[in-house]
Amino acid sequence: MKIIEKGLATTIQDLGRFSYRSLGFPTSGPMDSFAMKIANFLVGNHENAAVLEMCQIGVTVEFLHDTVIACTGAPMDIYLNKQKIELYRPIQVKKGDSLRCLSCKTGMYTYLACKYGIAYPTILKSRSSLPRIKDVRNTITENCELPIQAYTHKGMFNWKIDKKLFDYMKSKYITIRYIEGIQSDWFASSLENHTWKITSQSNRMGYRLNGPPIRLKNEKQLFSEPVQFGAIQVPPNGQPIVIMADGQPTGGYPKIGQVIQADLAKLAQATIFTSITFQKVSIEYALETWKHTHHDLLQLKYVLLEKWREF
Amino acid sequence: MSIRLIAENAIMIHFNEEISVALLEKILIVKKVIEKNLQSSITEIVIGYNSLVIYFDPITTHPYNLLEKLKKMRYPDELLLFSPSTHHIPVCYEESFNKDLSFVATYHNITMEEVVHLHTSNQYTVHFLGFSPGFPFLGGIDDRIATPRKEIPDISVPEGSVGIAGSQTGIYPSMSPGGWQIIGRTPIPLVNVDEEKPTLFQPGDNVHFYPITSKEFEDIRKRLITYEDN
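Taken in sequence, the protein lines are chains A and B. Counted from 1, the first sequence has number 239 at position 239 by the working numbering; the numbering is strictly sequential. Counted from 1, the second sequence has number 159 at position 159 by the working numbering; the numbering is strictly sequential.
Check before you lean on any hint, since a few could be wrong.
Distance windows between CB atoms, simulated [stated by the list, open to error]: (1) A:Leu305 to B:Lys150: 50 to 56 Å; (2) A:Tyr302 to B:Asp77: 48 to 54 Å; (3) B:Glu17 to A:His295: 38 to 44 Å; (4) B:Pro148 to A:Lys2: 49 to 55 Å; (5) A:Trp159 to B:Ser2: 48 to 54 Å; (6) B:Ser2 to A:Ser189: 21 to 27 Å.
Derived from the structure by calculation, the hints contain no laboratory data. Only a predicted model underlies this, so the values are computations on that prediction, with no experimental measurement involved. Glycine included, C-beta positions come from ideal geometry on N, C-alpha and C.
Produce the entire structure from the sequences given, and follow the hints as far as they go.
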């Protein structure tokens, strides 16, 4: 497919680049892996197939082959030729069709999956756009062509998934659960009992939070240590920064918490208008919750892949 | 040495010791032993100055079983196959590349020439790579040039910039925001994503800096660009 307009901050994402963190590379991967995986399952793909991740304002593309697409995540106004299309279901497209993805009313990230995935060249074993490296393979530009394998679908798609699955990005008030951070006893105050907002200086690398400053009990120096997606770091100004999908693999700020895996998608989809409260949970609770989330997604995967087997 | 689960998918080993090359070697031994013995249960190991984090998938690997295995594991004292590379890195400390050199000199009440002399006299060790792809955190700086990082970080530090932050020195492999005091620039690229080993430096490697003129800087740049075109 050919990119006509590239949107606001569009990237290509598979699940990420997981074996180069010790050389300083971020993992990347989708901000909302729940929505990204479902987009892939809807078109009968493996969960690691590369998709387009769009941020608030989407792409306009022209299809150079027949294929099947699905959009998930933040509800965006999307038109196939002149016709407004539904998200959360597979849709046939024909060679020459154009898809215009406009803006989303709630949430931040919308995923566009194509049958068989975007066959973009891998860099260090992943198709995820690599931040901070100058590389032509790495950026989406107007008029660039993203290779996809042609697929002509015979028959109709008369099924879709329940859009309620994506209700986590609708609320203006959200609670993010977290595990105590490694240096949590360094701090004089807590993340709880206050409401936080994400500032506009936030992106795929980190979400900056604004609220009552969190101070250290004593001046203390941390030696840089490994950090990952969801780590809540507190720099000297007391305004926390949450490491996101493109975040650096090591960090020198003390950590007050670590967002639980099951709530990363919810946090990623929060906007500057969302009020965030934090709730501390145990690591055992976090593990149980993650197992449930994983199990629910697995069930959905089997149902959707079964639908594809019927053709 | 303390071992604890820090997230659903991560276990940290923390070393309560002074930062040193001896500690770095110990961390690298521990990393190697874990990678050799538990390869199938883990995703990746990342190291810091005095810590190491083991990432895994909690759906396929039971976190508490892995924790027990790590606690029981025995680690040898010396590294058998530890042969770090030594890199000689040209740096141009001249004007237009040395934005904060005069600040560092003034801060320590020495001349800029002395800063360059001290920076090029020591052997440095790569403790780990972090911050951005291929960025080496180098230990071994002379106390006489150790300088605190900037209070307000620069919005854009050029690729190849050599900087100082506290008692560490390092090189920005790509353009990025940054708060280190920039004293020079190297024309040598630090990252090549088409190589199996995509970064020039590996943890444990030794690094020396030597001064070059801006003419030599341009010559090396040109040679590298011609080479890339072939």
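> Going through the earlier hints one by one, which of them does the structure break, listed in rising order?
Replying inline: Per hint list: zero violations.
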